[in-house]
Structures are given as C-alpha cells and as structure tokens.
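Undergrad: Here's the letter readout for the chains.
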Amino acid sequence: KAGVTQTPRYLIKTRGQQVTLSCSPISGHRSVSWYQQTPGQGLQFLFEYFSETQRNKGNFPGRFSGRQFSNSRSEMNVSTLELGDSALYLCASSLDGTVVEKLFFGSGTQLSVL
Amino acid sequence: DQQVKQNSPSLSVQEGRISILNCDYTNSMFDYFLWYKKYPAEGPTFLISISSIKDKNEDGRFTVFLNKSAKHLSLHIVPSQPGDSAVYFCAAQAMTRGSARQLTFGSGTQLTVLP
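Residue numbers (our numbering), protein chains in the order written: chain A, 33 to 146; chain B, 73 to 187.
So that you can see chain B by itself, here it is in the shape it has in the complex (with noise of 0.2 Å):
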C-alpha cells in the first residue's frame, strides 16, 4: 500500500523549459511535505518543503505547489538546467508514536534535462 505515489518514474524535458514533477499522497494525517535530490551514487540532498498550512512554497527556480483537497502536490522547475537530471523523491511527514516522525517516500522520477 503505497501512501505516497510518483506516477511517472522518468521524464525529459528541453533545458530552459519548465519541469514539472507530480506526487500524490493518500494519507490524510500527512502534515508536512519535502522534495528530494538525488545523483548517482550519492544520498539524497534536500531540496524544498512545505507545510500542509500552506499551498505554495519557492526558493528560486524551485517552486512547491500543495492541493490538500486533491492530495496532490508537484514541483516546478523554471528554467530548467542540464544539472537538474537526477532522481527527484517526493515525501511526506506525519506524527507517530511517541512524538517522532517518519518520512514516507514515493518511488522517485528520473529527470533528464536535455541541452
């Protein structure tokens, strides 16, 4: 039961162009949401978050977009770079037991941005 879902595991986009990366959720106690990097052989790199409370969130090229009503949120990349081609990860947050919290990841989408 996959509580976090990236549908599309590769996508090419022209550089300069816009890349948009979709994630859909189907938990509803998820409250917080974070977006991943990832290069061959290296862990993941944050990226950028956003919190349930909000339905938007940027940091330069980087914008997070957040429908709670649709559990859905996506990451736009303008203009997209050749160094943006790597694995993005979508995850989620909810509280657990005992105060902790854990990540729940989707299966991740291979950008590849082509010159």
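Only chain A is shown next, with the shape it has when bound in the complex (with noise of 0.2 Å):
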C-alpha cells in the first residue's frame, strides 16, 4: 500500500508570493491533516479535512487555506508569503479520525521563503 505522498519536495519563494502544496493520502483515508513544524516549536497543527470540508482549524492566520477533493487528496495554500512561513510542512492521513488511532505521515515539503 503506497503511502502519503507530499510534492513538491522542496520550495523557494519570495516574499509575498503564494504557494500551493499537494498531499495523497494513503488510499481508502479520507481524513487529511496539515501541520507546520518549525526548529523549537514542534509540529503545529493547521487543519483537518474530511469528505472534502474542513472540520477542524488550528491557530493560523487566513494566509493559510486549503482544500479536498472528492478523491481525498489535499492542497494548502498559503497566500502572501512571510519569511517566517519557511518551514516543513507535514501531511498526515488517517481512515476518519474519529478514532483514537495514530496519523500516517508524508515526508513533507520543505518551503523556504527568502
């Protein structure tokens, strides 16, 4: 069974730009969840998706979106980028998380922003 896939693998953008990020779950999930892990501040959460509607937001700033598609595969948006936004940014997928049951993560994209 594949696994999470993350692309891109890495990104350079500038300052203010925008950036799309795209995460496959592991087939027959449908819960996709984005976390951001910075040096020293471990993995913070963003959002949760679930048949395509976000249920669950964590403490970001609108700059951050995102969305699912029908297929369960997910993209974050990240609008009007900030030097602080370069980070690793963390897909995970679970079968619906509402279990108590562990995510399966991607390798991440590393963004840099410069």
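Possibly wrong hints are sitting among the right ones.
Below, simulated DSBU-like cross-link-like pairs (lysine-lysine); rule was C-alpha separation at most 30 Å, straight line [claimed, not checked]:
| no. | chain 1 | residue 1 | chain 2 | residue 2 |
| --- | --- | --- | --- | --- |
| 1 | B | K126 | A | K134 |
| 2 | A | K89 | B | K77 |
| 3 | A | K134 | B | K140 |
| 4 | B | K140 | A | K89 |
| 5 | B | K140 | B | K77 |
| 6 | A | K89 | B | K109 |
| 7 | A | K89 | A | K134 |
| 8 | B | K143 | A | K134 |
| 9 | B | K128 | B | K77 |
| 10 | A | K45 | B | K143 |
| 11 | B | K140 | B | K109 |
| 12 | B | K126 | A | K45 |
| 13 | B | K128 | A | K134 |
| 14 | A | K45 | B | K128 |
Simulated DEER-style distance windows between Cβ atoms [what the hints assert, rightly or not]:
| no. | chain 1 | residue 1 | chain 2 | residue 2 | range |
| --- | --- | --- | --- | --- | --- |
| 15 | B | T184 | A | P40 | 25 to 35 Å |
| 16 | B | S100 | A | G94 | 29 to 39 Å |
| 17 | B | P112 | A | T52 | 18 to 28 Å |
| 18 | A | R99 | B | N129 | 35 to 45 Å |
| 19 | A | G94 | B | A113 | 23 to 33 Å |
| 20 | B | V150 | A | N91 | 34 to 44 Å |
| 21 | A | R95 | B | D131 | 34 to 44 Å |
| 22 | B | T117 | A | Q73 | 13 to 23 Å |
| 23 | B | A166 | A | G35 | 33 to 43 Å |
| 24 | A | E84 | B | L186 | 20 to 30 Å |
Covered stretches of chain A (in silico footprint by chain B; criterion: 3 or more residues with CB under 8 Å from a CB of chain B, positions within the stretch not fixed) [stated by the list, open to error]:
| no. | segment |
| --- | --- |
| 25 | 69-77 |
| 26 | 136-143 |
If you're looking for bench data, these hints aren't it; they were derived computationally from the structure.
Don't be surprised by glycine CBs; every beta carbon is placed ideally from N, CA and C.
Using the hints, put the two standalone chains together into the complex.
TA: Below you can see the structure in the form of structure tokens.
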C-alpha cells in the first residue's frame, strides 16, 4: 500500500508570493491533516479535512487555507508569504479521524521563503 | 500556550543503556497519548501509544508510562541502539467539535545514542 505522498519536496519562494502544496493520502483514508514544523516549535496543527469539508482548524492566520477533493487528495495554500512561513509542512492521513488512531505522515514539503 | 511540553530539547545516551524521554501536558481533556519518531528528511512515524485508562504500555524495547495525576508521560527505550537516534515527539489527543480528533504535539527531543 502506497504511503502518504507530498509534492513538491522542496520549494523556494520570495516574500509576497503564494504557494500551493499537494498531499495524496493513503488509499482508503478520508481524513487529511496538515502540520507546520519549525525548529523548536514542534508540529503545529493547521487544519484537518474530511469528506471535502474542513472539520478542524488551528491558530493560523487566514493566509493559510486548504481544500480536499472528492478523491481525498488535499491541497494547502499560503498567500502573501512571509519569512516566518519557512518551515517543513507535513501532511498526515487517517481512516476517518474520529477514533483514537495513529496518523500516517508524508515526508513533507520544505518551504523556504527568501 | 503549549499544552504539550518536552522540556529537554536533546538527550545523549550510551548504546545499551536506558533512554528516558519525558513529556508534560496541561489539558485534562487529553485522553490518548502517542510517541512519534522522526528521522531527518522524513515524516514522523508512529512508535507507541497509551490510553488514559492505562498507566503503562510496552512494545518490545519501548515502554510508555502515564502518570495522570502529574500530567506526565515518559518513553523508556531499553536497550538503546544507535538506530534509535532521532527526534522523538510526544503527542496528545482529545475529542473536538464534530467528534473529530486533533493531535497536539510537543516540540520534540533529539535523542543521540552513542556507540
């Protein structure tokens, strides 16, 4: 069974630009979550999607948005990039996210904002 | 406001000895706890978990202890091996609106096992 796939692996952008990251969950998984990892901050929850609906949202500004498609693939968008947005963005999938279960993570997209 | 705290950013242990990684939490609504291991350039992978109704869970060389009254959990690795060198994240789950569950992570502890 293929794992969680995130593309692209690396991105370099400049301040003010926007970026779109993609995540393909494990086949059959309907819940997709996004996390931001920065040095010393651990993983910060961005949002979670289930059946094309955002079900949970973390404490990030509105510049961070996402969506989920009917095939459960998800995209995350960051507009008006700031230097502080440089981070590893991780996507994780699970069956439905309603019971205690582990998440399966992708390898992440490393975003550098110059 | 960090609800899950890993106060030791790094830990070095000799191969064959015990590694003890600690985690504290503040939210009493957390009812499930997990440890993830992360190697560089890879996503975190699940290691071991424990429900709040238990105080110990073992899986091979890995044991997680939960002290609910102290809101503290720890991960013991015995014996430690060089391949265990990685960043370890503690995470906690609670029910949220709409029955969805959300993971709250600590900031991680870099474990280095010296040969």
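Undergrad: Hint by hint, say whether it matches the structure.
TA: Quick rundown of the hints versus the structure:
1. B:K126 x A:K134: Distance ~17 Å between B:K126 and A:K134 Cα, so the pair holds.
2. A:K89 x B:K77: Given pair A:K89, B:K77 holds - Cα atoms ~21 Å apart, limit 30 Å.
3. A:K134 x B:K140: This hinted pair holds, its Cα atoms lying about 21 Å apart.
4. B:K140 x A:K89: Measuring from Cα to Cα gives roughly 27 Å; hence the hint holds.
5. B:K140 x B:K77: Since the Cα atoms of B:K140 and B:K77 sit roughly 15 Å apart, the hinted pair holds (cutoff 30 Å).
6. A:K89 x B:K109: Distance of about 24 Å is within 30 Å: holds.
7. A:K89 x A:K134: This hinted pair holds, its Cα atoms lying about 19 Å apart.
8. B:K143 x A:K134: Holds - the C-alpha atoms of A:K134 and B:K143 are around 21 Å apart, at most 30 Å.
9. B:K128 x B:K77: Holds - the C-alpha atoms of B:K77 and B:K128 are around 20 Å apart, at most 30 Å.
10. A:K45 x B:K143: violated (41 Å)
11. B:K140 x B:K109: holds (23 Å)
12. B:K126 x A:K45: violated (47 Å)
13. B:K128 x A:K134: holds (18 Å)
14. A:K45 x B:K128: violated (46 Å)
15. B:T184 x A:P40: 25 to 35 Å: holds (30 Å)
16. B:S100 x A:G94: 29 to 39 Å: Taking Cβ atoms as reference, B:S100 and A:G94 lie about 31 Å apart, which means the hint holds.
17. B:P112 x A:T52: 18 to 28 Å: Hint holds: Cβ distance 25 Å, inside 18 to 28 Å.
18. A:R99 x B:N129: 35 to 45 Å: holds (37 Å)
19. A:G94 x B:A113: 23 to 33 Å: This hint holds: roughly 30 Å between Cβ atoms.
20. B:V150 x A:N91: 34 to 44 Å: holds (38 Å)
21. A:R95 x B:D131: 34 to 44 Å: holds (40 Å)
22. B:T117 x A:Q73: 13 to 23 Å: The hint (13 to 23 Å, Cβ to Cβ) holds, given that B:T117 and A:Q73 are roughly 20 Å apart.
23. B:A166 x A:G35: 33 to 43 Å: This hint is violated: roughly 26 Å between Cβ atoms.
24. A:E84 x B:L186: 20 to 30 Å: violated (49 Å)
25. 69-77: This one holds; 6 residues, not fewer than the three required, reach chain B with a Cβ under 8 Å.
26. 136-143: holds (count 5)
Of the numbered hints stated above, those contradicted by the structure are hints 10, 12, 14, 23 and 24, listed in ascending order.
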